[in-house]
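Protein sequence lines correspond, in order, to chains P and L.
First residue of the first sequence: 1, per the numbering used here; consecutive thereafter.
First residue of the second sequence: 1, per the numbering used here; consecutive thereafter.
Source of the hints: derived by calculation from the structure; they are not laboratory data.
Only a predicted model underlies this, so the values are computations on that prediction, with no experimental measurement involved.
Heads up, some of the hints might be wrong.
[Said to hold, decoys possible] With a straight-line Cα cutoff of 30 Å, these simulated DSSO-like cross-link-like pairs (lysine-lysine) come out:
(1) K143(P) - K91(L)
(2) K79(P) - K91(L)
(3) K79(P) - K20(L)
(4) K85(L) - K140(P)
(5) K140(P) - K97(L)
(6) K91(L) - K140(P)
(7) K136(P) - K17(P)
(8) K97(L) - K143(P)
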Amino acid sequence: MKEDNITVKDIFWKFLKIGSFSFGGVYSMLAFFERELVEKAKWLTHDEFVESVAIGQMTPGPPIVNTGICIGYRLKRIKGALATTAGQSFTGTLLAILLAVFYVKSKGNVLLTSVMKGVGAAVVGLLLSIIFKMSKNTIKDLKAALFALAAFSALAVFKLNPIGLILASGILGLLVYGRRT
Amino acid sequence: MVINALTIGGGFVMLPMLQKEFVENHHWLTNQEFLDAIAIGQLTPGPLTVMNAVIGYKVSGLIGAVLAMVSSYLPCIIIVTIGAKYYYDYKESIIVKSSFKGIKPAVIGLLSAVAISLGNTALVDPLTFGIAIISFAVIVFTKTDPSFVIIGAGILGAVLL
Numbered sequence: 001m002k003e004d005n006i007t008v009k010d011i012f013w014k015f016l017k018i019g020s021f022s023f024g025g026v027y028s029m030l031a032f033f034e035r036e037l038v039e040k041a042k043w044l045t046h047d048e049f050v051e052s053v054a055i056g057q058m059t060p061g062p063p064i065v066n067t068g069i070c071i072g073y074r075l076k077r078i079k080g081a082l083a084t085t086a087g088q089s090f091t092g093t094l095l096a097i098l099l100a101v102f103y104v105k106s107k108g109n110v111l112l113t114s115v116m117k118g119v120g121a122a123v124v125g126l127l128l129s130i131i132f133k134m135s136k137n138t139i140k141d142l143k144a145a146l147f148a149l150a151a152f153s154a155l156a157v158f159k160l161n162p163i164g165l166i167l168a169s170g171i172l173g174l175l176v177y178g179r180r181t
Numbered sequence: 001m002v003i004n005a006l007t008i009g010g011g012f013v014m015l016p017m018l019q020k021e022f023v024e025n026h027h028w029l030t031n032q033e034f035l036d037a038i039a040i041g042q043l044t045p046g047p048l049t050v051m052n053a054v055i056g057y058k059v060s061g062l063i064g065a066v067l068a069m070v071s072s073y074l075p076c077i078i079i080v081t082i083g084a085k086y087y088y089d090y091k092e093s094i095i096v097k098s099s100f101k102g103i104k105p106a107v108i109g110l111l112s113a114v115a116i117s118l119g120n121t122a123l124v125d126p127l128t129f130g131i132a133i134i135s136f137a138v139i140v141f142t143k144t145d146p147s148f149v150i151i152g153a154g155i156l157g158a159v160l161l
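The following block holds chain P by itself, in its conformation from the complex (with noise of 0.2 Å):
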């Protein structure tokens, strides 16, 4: 990591792209943090994106605004998790301002329905593509597997509460692998 090269000022202008092109809800930005801090910029490496997102679902608030503030905390400490935050959600706030201002009728826009019909399709297919890269380089071995199927099953089939499921996966985590060190 050379993280005394990144300047408040690039984690801000990063955020600011991320915020501003990832519409169609919250999951798309995974796939934008994905590649423009791992694979391009090489900020953090996969293990770290998976950390945070983590840590983003296990806060109270917003999860993927979280893993933003998460890792802008690890580049830059607070200054990183003020501009992550700044960055990801000024477009946005912008934009709504103005639709609120000018108070567009969003539900009448035939138009506006398609194109965003077109974007939630694509962010299901984001999402999928950062499910399965992060698979690879997390779900290693059978006993991984299973935590991602239980923690699957519990949210998809019993609706089980979020925050809840991350702290049990811990709580079995520490038992099953804490043991063997």
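Chain P is already provided as a structure; the job is to place chain L on it using the hints.
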């Protein structure tokens, strides 16, 4: 009113909570205005939290919007920063290490469940399925920027859907 916006902004993107606070308790917004705020939040890039800016604007103009944003992000920044600090401080300890060995795959499981529920609403016909599959393949197999995928999908949606 401005000060209230600051204290109530709260940071948790829990729509039911926001709805109760702003529509039912304070009558700052009508239900329709609240729904419009959600729609705008979904339309704009970035997190849905920007809908708080819309609510702030409705309540007390530009200052309200800015205050709403600041107050909805501030708790997140504080909590996550504290969480991240402890995580990085104790990252190498056996307790944190082995817990995260369980947490990391679980996060993938959680995201997969989210993908399925998003898919249920977004993938409604062969075309939307096609767009999702193409976006997946483009990101996994090429070095294309995700912004092109989003823009491309939007244009495809406008032309075909």
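These are the hints, each one checked on the structure:
1. With a C-alpha separation of about 21 Å, the suggested pairing of K143(P) with K91(L) holds against the 30 Å cut-off.
2. For the suggested pair K79(P) and K91(L), the alpha carbons sit about 21 Å apart, so the restraint of at most 30 Å is met.
3. The straight-line distance between the Cα atoms of K79(P) and K20(L) is roughly 34 Å, outside the 30 Å bound, and the hint therefore fails.
4. At roughly 28 Å between alpha-carbon atoms, K85(L) and K140(P) fall within 30 Å of each other, so this suggested pair holds.
5. A distance of roughly 16 Å separates the Cα atoms of K140(P) and K97(L); the hinted pair therefore holds under the 30 Å criterion.
6. Note on K91(L) and K140(P): the hinted pairing holds, with a Cα-Cα distance of about 20 Å set against a maximum of 30 Å.
7. This hinted pair checks out: K136(P) and K17(P) have alpha carbons roughly 27 Å apart, not beyond 30 Å.
8. Our distance criterion of 30 Å between C-alpha atoms is met by K97(L) and K143(P), whose separation comes to about 15 Å.
The structure fails to meet hint 3 from the earlier list, while all remaining hints are met.
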